[in-house]
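With the hints as a guide, bring both chains together as one complex.
Here's the letter readout for the chains.
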Amino acid sequence: MKMKPVVVEARDLERTYRRDSVSVPAVRGVSLSVREGDYIAVLGLSGSGKSTLLNLLGGIDLPTAGSVHLLGQDTRRLSDRDLTRTRLEHVGFVFQRFHLLPALSAQENVELPMAELGAGRRERTARARELLEYVGLAQRIEHRPGELSGGEMQRVAIARALANRPALVLADEPTGELDVHTGGEIAQLFRKLNADGTTLVVVTHDPALAQPPAAVWEMRDGTIRPRSGE
Amino acid sequence: MIIILTALVALASVGDAQDSPLPELLLEARTARTLSLDPGDTVWVASLGSAERRFVVAGTYRRPADPSTVTLRDYRAILHIPDLQDLLGARDRVDRFSVSLRPGADRNAVMAEIDRLAFGAEAHASEEVADAASETFRVVSRFHRALAGITISGSAVFLLCLVVLKIEERRLEGAAMREIGISRRTLFLWTFTETLAMAAIGTAAGLAIGWAGSGVINAYFRHVYDTTLAFARVTPELALIVAAIGTLTGVVIGVFTGWQMVRSTPLRLREP
Ligand SMILES: Nc1ncnc2c1ncn2[C@@H]1O[C@H](COP(=O)(O)OP(=O)(O)OP(=O)(O)O)[C@@H](O)[C@H]1O
Ligand SMILES: [Mg+2]
Chain E
1 MKMKPVVVEA RDLERTYRRD SVSVPAVRGV SLSVREGDYI AVLGLSGSGK
51 STLLNLLGGI DLPTAGSVHL LGQDTRRLSD RDLTRTRLEH VGFVFQRFHL
101 LPALSAQENV ELPMAELGAG RRERTARARE LLEYVGLAQR IEHRPGELSG
151 GEMQRVAIAR ALANRPALVL ADEPTGELDV HTGGEIAQLF RKLNADGTTL
201 VVVTHDPALA QPPAAVWEMR DGTIRPRSGE
Chain F
1 MIIILTALVA LASVGDAQDS PLPELLLEAR TARTLSLDPG DTVWVASLGS
51 AERRFVVAGT YRRPADPSTV TLRDYRAILH IPDLQDLLGA RDRVDRFSVS
101 LRPGADRNAV MAEIDRLAFG AEAHASEEVA DAASETFRVV SRFHRALAGI
151 TISGSAVFLL CLVVLKIEER RLEGAAMREI GISRRTLFLW TFTETLAMAA
201 IGTAAGLAIG WAGSGVINAY FRHVYDTTLA FARVTPELAL IVAAIGTLTG
251 VVIGVFTGWQ MVRSTPLRLR EP
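So the protein sequences, as listed, match chains E and F.
Take 1 as the starting number for the first sequence in the numbering used here and just add one per residue.
Take 1 as the starting number for the second sequence in the numbering used here and just add one per residue.
Simulated from the structure, these hints should not be mistaken for lab results.
The structure presented is a predicted model; accordingly, all values stated were derived computationally and were not measured.
Treat the hints loosely; a few may be bogus.
[Claimed, not checked] Some but not every residue of chain F turned toward chain E, in silico, with C-beta under 10 Å:
1. Gly181
2. Ser183
3. Thr186
4. Leu267
Every residue, glycine too, gets a C-beta built ideally from N, C-alpha and C.
Looking at chain F on its own, in the form it has when it is part of the complex (with noise of 0.2 Å):
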């Protein structure tokens, strides 16, 4: 059995191997490369007011893919539990442990027998301790959504700007548009359907954009943290409110554009 040592406080190389086999202990991949250690190196392993012990590296591991962890520039090891023992001066013990329940299986009943049952024990729903764990990232997530609110709030402005530049330069286009004959139905859908294409085209980019630098941003991250959590997603459900939000703004601006084109007569839209 094998338990993650969090009480670790000085790891060291040492050089070779010694006559009577070494316990063994594996590395957290990231702890191995920030000090520069391989599988048959020989450490140092002390804990706080303990003597030290030599361990041989057998190798290393990945640690699990943990959002709340992944960022903590710590030291990891895994002992087995005897060589732990040893270390700590202390008997295992277990502070934590989880019941899975089979479908259909009454949870509050579970949780309070085992409340009965343990005294000092306290029972908790999954879900609870997610939820506890989870409330950073719910912050965070909300301040990622504000953020989006105001990009795209500044980017319909964007577009407004661009379209209502763009309704300048062709008035006077516009204007003689309607006196060669076309009519005002004509001039509205070609400004309308422009300004939709020019929204979906900014949309479809925007959606190109965030895909890719999502992705750069997850092999970034990745690589930093060597983790295989994703850091930035374009989610089908986000690429889907991102154009229902880019057509809405084209359609709204289209019809303010094509208005702006059609409401007065050819001779007023070529006045200043």
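Extracted from the complex, chain E is given alone in its bound form (with noise of 0.2 Å):
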């Protein structure tokens, strides 16, 4: 069977934060792939270093040593100015709080990272608004982020996340402020997001986002490896 092509790849990756004469070792020499179409979950205990691991993925954050290959570009090669371009064309971001822009309805919140592309107003409409009868909102079009649920708040923030049809989706935590049985839609969109094609790398406890087909991926003191029996 042929591979699927690789979306990011890390290389003896390694990220130590130092502040003053303190360094804490957050990633230690993490090797990985992800492909196309691939559904990795990574969990392990807060403070193993899975939000900087998905940082250093997603181009947000430099590694200290190693490397970092996003479609096939190193990011420590590139600007800044050309990495935020990479993130806007290819990433996804999810976030645990959402983050979406108050005063803008929830079109609008799903149209920002087609306008910062230049896509013109017509084909923004449509696709924020395909997207979010594919996230299951299309009543919720109008509404700000705070006339809706966070259920709700977080498919605005994943059909923001697929604006751009990026390669990859970066979730980090994306069920963390939800309850257990919105939670459960949550990691069932995923599942849809995932089956339609998307690929995704998910941070998280939350043992519904790491059911199959997840390849469930565990995080301990810096380093990484398939949680045992995979």
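As structure tokens, this is what we get:
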């Protein structure tokens, strides 16, 4: 069977936070490849380095040593501007706290990354509506985040992450603010995304997000390996 | 001819009209109101050391809109000159007169001529007189300007505090926007525009409040002093100055806040 192309690849990745004289090694020697269509769930105790790893993979943070190749490009060799552009075009982010702009409607929030990329209004509107329908919010297009529940806000955030047809979607504790039931619905939405071809890396404590077809990786003290038995 | 009587000491209302027609006087409207006098009423008037005389109130008049006298709580009436002479026991005399010049006339020459012709007379240019009379108002005006300065600085600091609080509140939002790929440029523009809009709304609201406030102040004091004087005014120049200061403040603070949002990496922005 032919292997699918690699979307992001980490080699001997290290990230040490330095503050004054204290240095905290958050990621220590991680190597992994994420291929098109993968759904990877990263589990691990608090402080094990999951968020740090995700930031490195998405080009938000740069490694202290080792490398991240995001769509074939070494993130350390890109300027801040190019890295920002790469994130905009190719990576979708989903946060624990949603981070929608409160003044904008659901549709406008979804349009935001497309507008930044220079898409025309008509195209933006059409795609935003299509995406909101896809995540099950066809009826809430005009609502602002303040008028939506947590689960609904996260759906909008997911639609926003998909706006520019990213090669990779990274999610950090996407159900961390939601109750079990709503979290389950979001987990189901992630499975649907993946079934439709979206490449996913999800950092979580939530077992619902680590169900098949997710490949579960475990982080411990800055290192990563597939969960035993996989 | 009529003259203002300032040496008026007593005014009192008495009953009905008399057989022989009484001399008439005009009462200043505020005086009439304070003393509850109406046209047709008879009053006793006396000057210092003279006998009282009776007058009938022929009507009322409004005192001229003069800021230097508007707050005076004195009584005023206008009498015919013969009656006034009678009352004062003194002949008419002229203390002051004005000379209006044709355009192009040499004012200094005229003043010198008056000084030469009339011994003891002193000629003053109208500006000098106005100048001397305006000193109080100039002091008040300076005081107002100082107050305005303090108010404006205070408001600017207030805006700055508001905006700084807002940035604190919005750091995570800004960080998230940078993370999803919104450029520094765009984020700066958003923040800048928002701050400028806040300043503009504040300026507009300030002008509106100032305008409405001056209306209320004028209405109140015009009623109290029965005058047509304007006590507070929002002039176009003033509005322009306010708009300029508002815009300038908005731009400066907008640049500051925009810079705060984009100067560091998104991860830095997340840190407390
Ligand atoms: N900006 C930072 N400066 C210094 N140390 C940091 C910073 N961010 C993270 N760390 C440290 O790096 C380690 C890994 O942090 P990270 O946030 O990646 O963990 P995590 O697995 O995501 O934890 P959680 O499940 O609680 O979100 C922790 O020890 C943390 O204290
Ligand atoms: Mg984390």
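Under the criterion of a CB-CB separation shorter than 10 Å, is F/Ser183 in contact with chain E as hinted?
This interface hint holds because 6 Å falls under the 10 Å limit.
F/Leu267 as chain E interface residue, shortest Cβ-Cβ below 10 Å
holds (6 Å)
Status of the hint placing F/Thr186 at chain E (closest C-beta pair under 10 Å)
holds (6 Å)
Is the interface hint satisfied for F/Gly181? The criterion is a beta-carbon contact with chain E at less than 10 Å.
At about 3 Å, which falls below the 10 Å cut-off, the nearest Cβ of chain E leaves the hint on F/Gly181 intact, so it holds.
Comparing the model with each numbered hint stated earlier shows that all of them hold.
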